[in-house]
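Peer 1: These are the residues of each chain, in order.
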Amino acid sequence: MNLKTLANRLRALWMLLLVGIILSFASPVFLTSTNLLNVGLAASVAALLAVGQTYVIILAEIDLSVGAALGFSAVVTAQVLRSDGLLPALAAGVAVGVAVGLINGLLVTKARMPSFIATLATMSVLGGLSLQLTSGNPVAVTDYTFQGIGQNRLAGIPVPVLIMLVVFAVFGFVLARTRYGRFVYATGDNAEAARLSGIRTQRVKVLAFVISGVLAALAGFILTARLSTAEPTAGTGLELEAIAAVIIGGTSLAGGRGTLVGTLVGALVLGVIDNGMNLLDVSPFLQDVVKGLVILLAVFLDRNLDALRGLVTRRSGPGDAAPSSTTPELARQ
Amino acid sequence: MRIELADVHKSFGDNHVLRGVGFQIAPGEVLAMAGENGAGKSTITRIISGAHQPDAGRILVDGTPVVLKDPQAAMALGIEVIYQEFQQNLFPHLSVAENMYVLDRERRFGRMLVAKRRMIEAAEAALQKLDVHLDVRRPVSSLNVAERQMVEIAKAMTHEPSLLILDEPTAALDERESERLFTQVRRLRDAGVSVIYISHRMDEVFDLADRIVVLRDGRVTLDEAVENLETRQVVTAMVGEGVDDFYPKDRNATDQVVLETKGVAGSDFHDIDVQVRAGEVLGIGGVVGCGRSTLLRALFGLDPMTGGSVTIDGSPVRVRNPREAIESRIAYLSPDRQAEGLCTALSVEANVSLASLHRFTGVSGVVRRAGERTETGAVMTDLRVRAASPAMAVGSLSGGNQQKALFAKWVMAGPRVLLMDEPTRGVDVGAKTEIYRIINKLTADGVAVVLVSSDLPELVAMSDRVVVMREGRIVTELTGDRVNEQSILEHALVGAA
Numbered sequence: 001m002n003l004k005t006l007a008n009r010l011r012a013l014w015m016l017l018l019v020g021i022i023l024s025f026a027s028p029v030f031l032t033s034t035n036l037l038n039v040g041l042a043a044s045v046a047a048l049l050a051v052g053q054t055y056v057i058i059l060a061e062i063d064l065s066v067g068a069a070l071g072f073s074a075v076v077t078a079q080v081l082r083s084d085g086l087l088p089a090l091a092a093g094v095a096v097g098v099a100v101g102l103i104n105g106l107l108v109t110k111a112r113m114p115s116f117i118a119t120l121a122t123m124s125v126l127g128g129l130s131l132q133l134t135s136g137n138p139v140a141v142t143d144y145t146f147q148g149i150g151q152n153r154l155a156g157i158p159v160p161v162l163i164m165l166v167v168f169a170v171f172g173f174v175l176a177r178t179r180y181g182r183f184v185y186a187t188g189d190n191a192e193a194a195r196l197s198g199i200r201t202q203r204v205k206v207l208a209f210v211i212s213g214v215l216a217a218l219a220g221f222i223l224t225a226r227l228s229t230a231e232p233t234a235g236t237g238l239e240l241e242a243i244a245a246v247i248i249g250g251t252s253l254a255g256g257r258g259t260l261v262g263t264l265v266g267a268l269v270l271g272v273i274d275n276g277m278n279l280l281d282v283s284p285f286l287q288d289v290v291k292g293l294v295i296l297l298a299v300f301l302d303r304n305l306d307a308l309r310g311l312v313t314r315r316s317g318p319g320d321a322a323p324s325s326t327t328p329e330l331a332r333q
Numbered sequence: 001m002r003i004e005l006a007d008v009h010k011s012f013g014d015n016h017v018l019r020g021v022g023f024q025i026a027p028g029e030v031l032a033m034a035g036e037n038g039a040g041k042s043t044i045t046r047i048i049s050g051a052h053q054p055d056a057g058r059i060l061v062d063g064t065p066v067v068l069k070d071p072q073a074a075m076a077l078g079i080e081v082i083y084q085e086f087q088q089n090l091f092p093h094l095s096v097a098e099n100m101y102v103l104d105r106e107r108r109f110g111r112m113l114v115a116k117r118r119m120i121e122a123a124e125a126a127l128q129k130l131d132v133h134l135d136v137r138r139p140v141s142s143l144n145v146a147e148r149q150m151v152e153i154a155k156a157m158t159h160e161p162s163l164l165i166l167d168e169p170t171a172a173l174d175e176r177e178s179e180r181l182f183t184q185v186r187r188l189r190d191a192g193v194s195v196i197y198i199s200h201r202m203d204e205v206f207d208l209a210d211r212i213v214v215l216r217d218g219r220v221t222l223d224e225a226v227e228n229l230e231t232r233q234v235v236t237a238m239v240g241e242g243v244d245d246f247y248p249k250d251r252n253a254t255d256q257v258v259l260e261t262k263g264v265a266g267s268d269f270h271d272i273d274v275q276v277r278a279g280e281v282l283g284i285g286g287v288v289g290c291g292r293s294t295l296l297r298a299l300f301g302l303d304p305m306t307g308g309s310v311t312i313d314g315s316p317v318r319v320r321n322p323r324e325a326i327e328s329r330i331a332y333l334s335p336d337r338q339a340e341g342l343c344t345a346l347s348v349e350a351n352v353s354l355a356s357l358h359r360f361t362g363v364s365g366v367v368r369r370a371g372e373r374t375e376t377g378a379v380m381t382d383l384r385v386r387a388a389s390p391a392m393a394v395g396s397l398s399g400g401n402q403q404k405a406l407f408a409k410w411v412m413a414g415p416r417v418l419l420m421d422e423p424t425r426g427v428d429v430g431a432k433t434e435i436y437r438i439i440n441k442l443t444a445d446g447v448a449v450v451l452v453s454s455d456l457p458e459l460v461a462m463s464d465r466v467v468v469m470r471e472g473r474i475v476t477e478l479t480g481d482r483v484n485e486q487s488i489l490e491h492a493l494v495g496a497a
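Chains A and B, in that order, are what the protein sequence lines are. Residue numbers for the first sequence follow the UniProt record's numbering, beginning at 1 and rising by one. Residue numbers for the second sequence follow the UniProt record's numbering, beginning at 1 and rising by one.
Read the hints as simulated data drawn from the structure, not as lab findings. Keep in mind that this is a model prediction, so the values were computed, not measured. Do not rely on the hints blindly, as some may be mistaken.
Label-pair distances were calculated between CB atoms; the ranges are [stated by the list, open to error]:
(1) Ala155(A) <-> Val366(B): 26 to 34 Å
(2) Asp273(B) <-> Arg203(A): 32 to 40 Å
(3) Ala76(B) <-> Ala254(A): 31 to 39 Å
(4) Asp288(A) <-> Arg118(B): 53 to 61 Å
(5) Arg203(A) <-> Arg118(B): 53 to 61 Å
(6) Arg219(B) <-> Leu165(A): 57 to 65 Å
(7) Arg112(A) <-> Arg359(B): 26 to 34 Å
(8) Arg203(A) <-> Ala56(B): 56 to 64 Å
Residues of chain B clear of chain A, computed beta-carbon distances all greater than 12 Å [to be verified]:
(9) Gly78
(10) Met112
(11) Met119
(12) Glu175
(13) Tyr247
(14) Lys249
We put the CB at the ideal spot given by N, CA and C, even for glycine.
Hey, can you work out the whole structure from these sequences and the hints?
Peer 2: Next comes the structure, spelled out in structure tokens:
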């Protein structure tokens, strides 16, 4: 893929460059390596959730439970860490992720529930379980090794950023180059055609939800380690942040299209905006407003860039609008 | 109303779709418009219905030039179109009556409580006129395709059109339903309505039309009264060259039985015993609903099989889902390319290799892209799938090339048995011939082919043998000279009428 097609497919990249350029003029601090690593560090948790979410959304489903799954696995991990030590704690956290993903996947495939409803329900259940388990109190973490996951650096780069990059590389490769990845796209585009081609579409979906759950657990490790404490409500709202990153990255909610490179850029766009507004001292209340507007702008550009480009070419030359398939409906109205 | 098109031109960008089209339609005339996909039929339809404006040329109504600036202007002149995608013009959750008067309900019936009663009566009367018996309070979603089409026609008739354009109206209808539609069309013609009838099917065109206009590359290549024409002349005008081999059937049948069913039964078919030999095409005749489509689906594991046994090359196979069918080397070409055939957003290449991907992956699951590209490329060349690049989305190919890509997927899977349901539905004449060549190629390789088609000339020409099904059972087997349209229809319909 050459640079031109990449830029064309990855419109979020333009967004990232634009925001980056504006911020590097607006703030002297922005374009320093320390600050850029901070952006990566801050974006890493939502970015990990967005990886699983990308798989699920390409399958034309959605996983609203990732934030709550992060919170639940974080408190389970922290409690096991206090009683049984590091390895059992990590195993327990991953087990929670697998279990949540499996339940979501089976609800969507075997019980035939719409994923929006199924994961909305598991989100509520997991949120409640986290609070019940901890009586609503944060669980402190004192294990140095565990804290290292969130606080150490390797060759100057924060470990969460490294984990994020490795996860994107591995899952990006799986999506783009393996049989399973191909099945994800095919099932998301047309599940019936995929089934008729011999693909076990239900299994493909269940596995995607499991990936989403496990990565939520991993994101929970990072967040807990960074803060040295597991908050039962730590993941609240992060599912929406992850979905926003996926959508900004150009993945279609209708399924069948999307890339993890796009999602990474989408997560970084959100991270850079957060960071920039902090540097520029924007009121925290207004930050959400700006973020919402950015999401709208990114999706608007993604959906309408071709139409906008068409306007420009039509002015300069003969019209390029092909007879569209919507004409019949228009004709009847 | 007499409508005349004079020297009409239309381009989309660099694509000159119409290059000076002119013809007339007289009142009470059925004009058939034929031509391959892309010949310009749809564009003419849209120009006459006001959806597109011509770049040059004139439209005259009763000798006076008119400008049809939008569909409303055309409707005001009494021009009604029933598009091929007519289902999209109906609202599935509204009732039949509400759909029929969706544009002008208040103007016709007012807003009072009695309005609904009056609307239902009017709808019943309108359907009665067409000899259609339906409860007009039913939601459109509960109707079958033929019934929906009748509703759409009745809806058009409520506007008392003087010109009705029907675009491929029988694409989704079976023999009997089509016949009823033809009766309606003739009735309209006798009432003085002009009809433009667009169809790929020669038998229909000759049966129904007074005059035939053929388009090729945006020009009229034939405009002649039907009694002076033969099928061959029309097809030649469409494709532009002699078509000696419209149905180029090679005989490749051997004695070696590949597929054998004994007493197979399912939801709407029973006691199906068939044998298909290597290199043989077994046609299945019958009206829609006779069980032949469900039989194919059941053999491929899509619909339940409630009894009987199936063997392939002598060994019993048990198929509970498509995956097991593919493992038993059975392939199935669905009649609904969009819903069940292709993943339209995926590349041509990914679609072609989808059922054979395991061949390009090891234990790691990583796809060997070079090998995939070579093999899919070879199959695509072999089957003449024309795509600018194997990486382009399959949905952006023409209908004929999409269908060939679907064939390529199954050819690539290397089946012993290929079940095909309506393999040439909605593809143009040129692509049809290429698909017949693909079938020849498969039989030459020893594949056993089962062919279900509503296109009788195709079924007759391409099958070595035909079994006819009626009400879920095989009623006869036709071989040799007895494989003809007449005897297939007789056996398919007798007792059912």
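Peer 1: Now look at each hint and say whether the structure bears it out.
Peer 2: Structure-based check of all given hints:
no., hint, result
1, Ala155(A) <-> Val366(B): 26 to 34 Å, "holds (29 Å)"
2, Asp273(B) <-> Arg203(A): 32 to 40 Å, "holds (36 Å)"
3, Ala76(B) <-> Ala254(A): 31 to 39 Å, "holds (38 Å)"
4, Asp288(A) <-> Arg118(B): 53 to 61 Å, "holds (54 Å)"
5, Arg203(A) <-> Arg118(B): 53 to 61 Å, "holds (56 Å)"
6, Arg219(B) <-> Leu165(A): 57 to 65 Å, "holds (60 Å)"
7, Arg112(A) <-> Arg359(B): 26 to 34 Å, "holds (33 Å)"
8, Arg203(A) <-> Ala56(B): 56 to 64 Å, "holds (58 Å)"
9, Gly78, "holds (15 Å)"
10, Met112, "holds (26 Å)"
11, Met119, "holds (19 Å)"
12, Glu175, "holds (26 Å)"
13, Tyr247, "holds (28 Å)"
14, Lys249, "holds (27 Å)"
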